[in-house]
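**Q** Chain by chain, the residues:
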Amino acid sequence: MKYLHEFRDPALAHTLLHDIRQRVTRPWALMEVCGGQTHSIIRNGIDRLLPPEVELIHGPGCPVCVTPLATMDKALAIAAQPGVIFCSFGDMLRVPGSDGDLFSVRGAGGDVRVVYSPLDALSIARSHPAREVVFFGIGFETTAPANAQAVVLAQRQGLTNFSMLVSHVLVPPALEAILTAPDNRVQAFLAAGHVCSVMGYWQYEPLAARYGVPIVVTGFEPLDVLAGVQQAVRQLEAGQAVVENAYPRAVTRAGNGPAQAVLAEVFEVCDRNWRGIGPIPASGWQLRPRYRAFDAAERFAVQALQTQESPLCHSGDVLRGHLKPHQCPAFGTLCTPHKPLGATMVSSEGACAAYYQYGRFSAGEVTPA
Amino acid sequence: MNDSAAPDVAGWTCPLPLRDYPQIVLGHGGGGQLTADLVTHLFVPAFHNAALAPLADAAALHLGGQRLAFSTDSYVVRPLIFPGGSIAELAVHGTVNDLAMVGAQPLALSAGMILEEGLPVGLLAHLVERMAAAARAAGVSIVTGDTKVVERGHGDGLYINTAGIGLIPPGIEIAPQHARPGDVVLVSGSIGEHGMAIMSVREGLAFESPILSDTAPLHGLVAALLAAVPDVHTLRDPTRGGVAAALNEIATAAGVGIRLEEQQIPVRPEVAAACELLGLDPLYVANEGRLLALVPAPAAAAALAALRRHPAGVHAARIGDVVAQHPGLVVAHTGIGGTRVVALPHGEQLPRIC
Chain H
496 MKYLHEFRDP ALAHTLLHDI RQRVTRPWAL MEVCGGQTHS IIRNGIDRLL
546 PPEVELIHGP GCPVCVTPLA TMDKALAIAA QPGVIFCSFG DMLRVPGSDG
596 DLFSVRGAGG DVRVVYSPLD ALSIARSHPA REVVFFGIGF ETTAPANAQA
646 VVLAQRQGLT NFSMLVSHVL VPPALEAILT APDNRVQAFL AAGHVCSVMG
696 YWQYEPLAAR YGVPIVVTGF EPLDVLAGVQ QAVRQLEAGQ AVVENAYPRA
746 VTRAGNGPAQ AVLAEVFEVC DRNWRGIGPI PASGWQLRPR YRAFDAAERF
796 AVQALQTQES PLCHSGDVLR GHLKPHQCPA FGTLCTPHKP LGATMVSSEG
846 ACAAYYQYGR FSAGEVTPA
Chain F
111 MNDSAAPDVA GWTCPLPLRD YPQIVLGHGG GGQLTADLVT HLFVPAFHNA
161 ALAPLADAAA LHLGGQRLAF STDSYVVRPL IFPGGSIAEL AVHGTVNDLA
211 MVGAQPLALS AGMILEEGLP VGLLAHLVER MAAAARAAGV SIVTGDTKVV
261 ERGHGDGLYI NTAGIGLIPP GIEIAPQHAR PGDVVLVSGS IGEHGMAIMS
311 VREGLAFESP ILSDTAPLHG LVAALLAAVP DVHTLRDPTR GGVAAALNEI
361 ATAAGVGIRL EEQQIPVRPE VAAACELLGL DPLYVANEGR LLALVPAPAA
411 AAALAALRRH PAGVHAARIG DVVAQHPGLV VAHTGIGGTR VVALPHGEQL
461 PRIC
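Quick mapping for you: the protein sequence lines, in order, are chains H and F.
Heads up, the first sequence is in my numbering, so the first residue is 496 and it goes up one at a time.
Heads up, the second sequence is in my numbering, so the first residue is 111 and it goes up one at a time.
These are calculated hints, taken from the structure and not from any lab test.
Just so it is clear, CB atoms sit at the ideal spot from N, CA and C, and this is done for glycine as well.
It is possible that part of the hints are untrue.
Derived pair list, reagent style SDA-like, types lysine to any residue, alpha-carbon separation capped at 20 Å [claimed, not checked]: (1) Lys-258/F to His-288/F; (2) Lys-834/H to Thr-150/F; (3) Lys-834/H to Asp-147/F; (4) Lys-834/H to Tyr-131/F; (5) Lys-834/H to Gly-222/F; (6) Lys-258/F to Leu-225/F; (7) Lys-834/H to Pro-132/F; (8) Lys-834/H to Leu-225/F; (9) Lys-258/F to Leu-234/F; (10) Lys-258/F to Pro-279/F; (11) Lys-834/H to Leu-234/F; (12) Lys-834/H to Ile-134/F; (13) Lys-834/H to Gly-139/F; (14) Lys-834/H to Gly-595/H; (15) Lys-834/H to Leu-148/F; (16) Lys-834/H to Leu-136/F; (17) Lys-258/F to Gly-222/F; (18) Lys-834/H to His-151/F; (19) Lys-258/F to Thr-182/F.
Below, a sample of chain F positions facing chain H; criterion: calculated Cβ distance under 8 Å [claimed, not checked]: (20) Ile-134; (21) Thr-444; (22) His-456.
Construct the complete structure from the given sequences, taking the supplied hints into account.
**A** So, in structure tokens, the structure goes:
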């Protein structure tokens with residue numbers, strides 16, 4: 496596949512790995528921000544190919560994982576209402592709320608549908624005028640423009656039976672929260688390439704300067720990830736701390752102007768509670784007042800939800816980089832992707848699920864043929 | 111963190127009993143862990159007997175000196191007609207293939223038709239004709255059947271159940287439990303085509319060349335393989351849950367590890383592209399006309415040549431080995447030289463958000 500195979504070339508990967516091994520002189524802790532990068536690292540076995548000095552800490556960049564429990568419970572309550580068609584990205588269906596998940600709502604008779612785009616939810620709303628169609632609008636800056644566009648279209652088309660449960664989150668405030676935590680171990684970031692393709696990377700320059708931390712905009716194919724690691728290690732070894740773009744085929748400093756325009760039209764910044772991490776000021780987007788008519792949280796008065804996180808789940812420590820997933824006492828025993836205790840075990844981007852799927856054995860047991 | 115707290119791989123078993131969903135969810139039909147839970151914790155204890163115990167694609171029954179293979183499958187695909195096939199071909203091929211996976215020559219099928227009120231009779235007639243044509247082409251007869259109608263809204267137009275019987279030739283002993291360290295893993299062609307053909311229709315994806323289902327009868331291919339290599343240890347058609355689920359089942363049943371070379375697994379470019387778009391892994395996507403064969407290493411070249419000589423196995427490939435290490439686990443060497451575990455899927459493979 497063009498634009499993919501070129502970035503999976505084993506010979507080039509080994510050249511990059513060799514260069515990283517040559518450069519590294521001491522241990523460094525790098526955080527890959529995005530769950531898509533975690534997925535690629537584990538799926539391609541990149542973590543096992545890097546020299547032991549380079550530690551990859553899996554960041555909080557999985558929107559499925561950080562969607563607040565209260566929002567999840569609200570989603571379950573709305574989806575269970577008669578007459579509602581609840582549309583969601585696929586991997587949200589297995590995220591546990593306080594009591595059950597969207598699969599169990601569907602099993603109990605709720606109309607829960609997997610869609611690939613919010614525009615699919617709009618078509619469903621048009622073809623089911625007597626039903627309330629709700630789209631679960633989650634994600635980072637990456638998925639937000641399409642969700643914003645769906646709201647604009649719904650208003651333009653006069654769709655009164657469409658609404659969105661919005662729980663968008665923003666990357667830069669999360670990085671700042673990690674950097675200001677007293678026990679922070681992260682020494683460099685691989686910034687999320689897809690987020691930067693929308694927002695650009697100028698927002699990260701003050702962070703790199705203020706906290707003295709290299710930030711490398713990084714893509715998702717094996718060579719992209721290795722290039723990001725290489726540039727981060729080079730900066731760390733040289734004592735530099737700037738923003739570099741290792742994903743120039745998709746990312747510019749300014750980002751995608753039209754996408755940013757529709758975001759500004761529809762959303763406004765709000766405080767957001769991150770599951771497993773806690774509240775981070777100005778770290779989310781909510782619908783602006785002029786689009787509140789499409790806010791599912793207001794349309795469906797879901798009150799008095801008792802939210803209860805499993806006391807056995809250490810996903811917060813995992814998301815902050817204090818615990819590797821397999822170091823959690825519940826990992827692989829009480830908590831599996833099949834019956835997750837926490838959201839990090841759900842999505843294939845979730846750090847715990849990625850570990851479980853692809854890392855559930857020690858490297859020493861496999862020797863090349 | 112010390113090593114003693116690391117996951118105990120060799121002793122790792124699924125710790126949970128039947129998962130506590132209070133209702134059946136779609137994932138229970140996904141061919142992964144949820145399905146396995148139902149089978150292991152509910153069906154097998156209730157029905158247990160010697161013929162059921164191996165949990166092969168077909169049961170082997172001893173009848174008057176002959177060994178009879180017996181299998182059944184139900185077909186609930188939507189849409190009813192898709193690129194490369196329809197529910198009609200699936201209903202014939204699926205059961206023929208289940209029989210073929212124990213080495214049997216299929217003899218006869220039954221057909222149970224569950225019709226939804228409102229199904230156009232013209233469409234039903236078309237599908238029945240296709241079913242008859244598929245049976246003729248496969249050389250099996252549909253010898254008994256049943257018809258039921260359910261109320262509108264209680265079915266997707268048409269569900270079909272088929273059961274089949276066949277004869278297992280003397281000397282053929284094929285079972286998931288027979289895989290041995292040193293065996294070579296062969297696949298009879300490129301993977302993921304059926305699942306992505308269905309998915310591309312459902313999701314409205316268009317590609318330069320459309321993805322066609324690989325639905326096909328495999329008993330001719332199996333007969334050709336057995337003629338060249340009678341000592342085939344294990345056969346499996348990787349349907350729901352794909353190659354990943356089939357190999358995990360074999361690894362668990364035989365108590366062996368399986369090592370895949372990801373680069374050697376044939377995947378057509380359009381299938382790979384569709385999987386990339388939807389965030390799916392071709393190893394987990396369903397096939398309806400492919401088989402996995404585990405054969406002793408000395409016979410591997412002959413087995414591969416026999417598969418490739420048959421029209422249904424032209425693109426057969428050697429994709430891995432059976433090892434004594436990591437029993438119960440399937441491990442893949444990735445394209446860039448890393449390793450990853452190819453775990454049993456849990457329920458439905460969920461499209462990823464980004």
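**Q** Are the hints correct? Go through all of them and say.
**A** Okay, the hints, checked on the actual structure:
{"no.": "1", "hint": "Lys-258/F to His-288/F", "verdict": "violated, 40 Å"}
{"no.": "2", "hint": "Lys-834/H to Thr-150/F", "verdict": "holds, 17 Å"}
{"no.": "3", "hint": "Lys-834/H to Asp-147/F", "verdict": "holds, 12 Å"}
{"no.": "4", "hint": "Lys-834/H to Tyr-131/F", "verdict": "holds, 9 Å"}
{"no.": "5", "hint": "Lys-834/H to Gly-222/F", "verdict": "violated, 35 Å"}
{"no.": "6", "hint": "Lys-258/F to Leu-225/F", "verdict": "holds, 6 Å"}
{"no.": "7", "hint": "Lys-834/H to Pro-132/F", "verdict": "holds, 13 Å"}
{"no.": "8", "hint": "Lys-834/H to Leu-225/F", "verdict": "violated, 35 Å"}
{"no.": "9", "hint": "Lys-258/F to Leu-234/F", "verdict": "holds, 13 Å"}
{"no.": "10", "hint": "Lys-258/F to Pro-279/F", "verdict": "violated, 36 Å"}
{"no.": "11", "hint": "Lys-834/H to Leu-234/F", "verdict": "violated, 41 Å"}
{"no.": "12", "hint": "Lys-834/H to Ile-134/F", "verdict": "holds, 14 Å"}
{"no.": "13", "hint": "Lys-834/H to Gly-139/F", "verdict": "holds, 16 Å"}
{"no.": "14", "hint": "Lys-834/H to Gly-595/H", "verdict": "holds, 10 Å"}
{"no.": "15", "hint": "Lys-834/H to Leu-148/F", "verdict": "holds, 15 Å"}
{"no.": "16", "hint": "Lys-834/H to Leu-136/F", "verdict": "holds, 15 Å"}
{"no.": "17", "hint": "Lys-258/F to Gly-222/F", "verdict": "holds, 8 Å"}
{"no.": "18", "hint": "Lys-834/H to His-151/F", "verdict": "holds, 16 Å"}
{"no.": "19", "hint": "Lys-258/F to Thr-182/F", "verdict": "holds, 18 Å"}
{"no.": "20", "hint": "Ile-134", "verdict": "holds, 6 Å"}
{"no.": "21", "hint": "Thr-444", "verdict": "holds, 5 Å"}
{"no.": "22", "hint": "His-456", "verdict": "holds, 4 Å"}
Of the numbered hints listed earlier, those contradicted by the structure are 1, 5, 8, 10, 11.
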